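Engineer: Turn these sequences into a full structure, and let the hints guide you.
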Amino acid sequence: MAENIKIENEISDENGEAPAIQEDGKEKHLLLLEKSLKEKEEEAAKYLDHLQRLQAEFQNYKKRSAEERKKIEEVGKEDLIKNLLPVIDSMEKSLNHTGKDLDRKVIVKGIELVHKQLKNLLKKERITRIESVGEKFDPLLHEAVMTEFSDEHSPGIILEELEPGYSFNGRILRPTKVKVAISKEQG
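In the working numbering, the protein residues as written are 2 to 188.
Just so you know, the hints here were simulated from the structure itself, not pulled from any lab data.
None of the values given here were measured: they were computed from a predicted structure.
Some clues are possibly wrong.
Unchecked claim - Derived PhoX-like pairs: lysine-lysine, alpha-carbon spacing no greater than 20 Å straight-line:
#1 Lys137 - Lys178
#2 Lys47 - Lys29
#3 Lys39 - Lys29
#4 Lys137 - Lys120
#5 Lys125 - Lys83
#6 Lys29 - Lys41
#7 Lys94 - Lys110
#8 Lys78 - Lys137
#9 Lys120 - Lys110
#10 Lys83 - Lys72
#11 Lys117 - Lys83
#12 Lys106 - Lys94
#13 Lys124 - Lys78
#14 Lys137 - Lys185
#15 Lys137 - Lys180
#16 Lys47 - Lys36
Structural biologist: If you want it as structure tokens, here you go:
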């Protein structure tokens, strides 16, 4: 901008009017304009190059981030699978013993032990079961699949859990499927 003012000053007189430019003045003026244009083109090329480099760096960052996130997910899955393997082993042992003449109580006890093992694994992984029976229906935690008239319970109270729901670190993995009390006026 300062160069433009300089150029304008060079080609204007005291009154701010442009005097008749002579031939050598035109060449000087054109040379100044060409020089200014060349400088601006070089500056624009530098900015374009800088922008292109930044875009390439950002694309590389996005790729690295996606790869790192994938690796972290795989490690998390790997840890969970490692923790599930003993439970699978216990199930296989139980299944191997079912062909033998075992008392029904022994089979039930084996299933109870495997169930306890699974519950402990879920607890260790910070997966919690969502409480429901007797609680007020919350659409964020529960999915109402049935309703039942009830004089004993207030409307909106959960009467029965049909399928348990679970959360992980406060996020719902699966809502609890429930039967909810309604009043006769609601029906």
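Engineer: State for each hint whether it applies.
Structural biologist: Okay, the hints, checked on the actual structure:
1. Lys137 - Lys178: Roughly 13 Å separates the two Cα atoms, so the pair holds.
2. Lys47 - Lys29: The hint is violated at about 27 Å.
3. Lys39 - Lys29: holds (15 Å)
4. Lys137 - Lys120: Distance of about 25 Å is beyond 20 Å: violated.
5. Lys125 - Lys83: Distance of about 13 Å is within 20 Å: holds.
6. Lys29 - Lys41: The hint holds at about 18 Å.
7. Lys94 - Lys110: Roughly 13 Å separates the two Cα atoms, so the pair holds.
8. Lys78 - Lys137: violated (34 Å)
9. Lys120 - Lys110: holds (15 Å)
10. Lys83 - Lys72: Roughly 16 Å between the alpha carbons, so the hint for Lys83 and Lys72 holds.
11. Lys117 - Lys83: The hint holds at about 17 Å.
12. Lys106 - Lys94: holds (16 Å)
13. Lys124 - Lys78: At roughly 16 Å apart (the allowed maximum being 20 Å), Lys78 and Lys124 satisfy the hint.
14. Lys137 - Lys185: The given pair, whose Cα atoms are some 18 Å apart, holds under the 20 Å limit.
15. Lys137 - Lys180: Holds: Lys137 and Lys180 sit about 11 Å apart, inside 20 Å.
16. Lys47 - Lys36: Holds: Lys47 and Lys36 sit about 17 Å apart, inside 20 Å.
Against the hints set out earlier in the document, violations occur for numbers 2, 4, 8.
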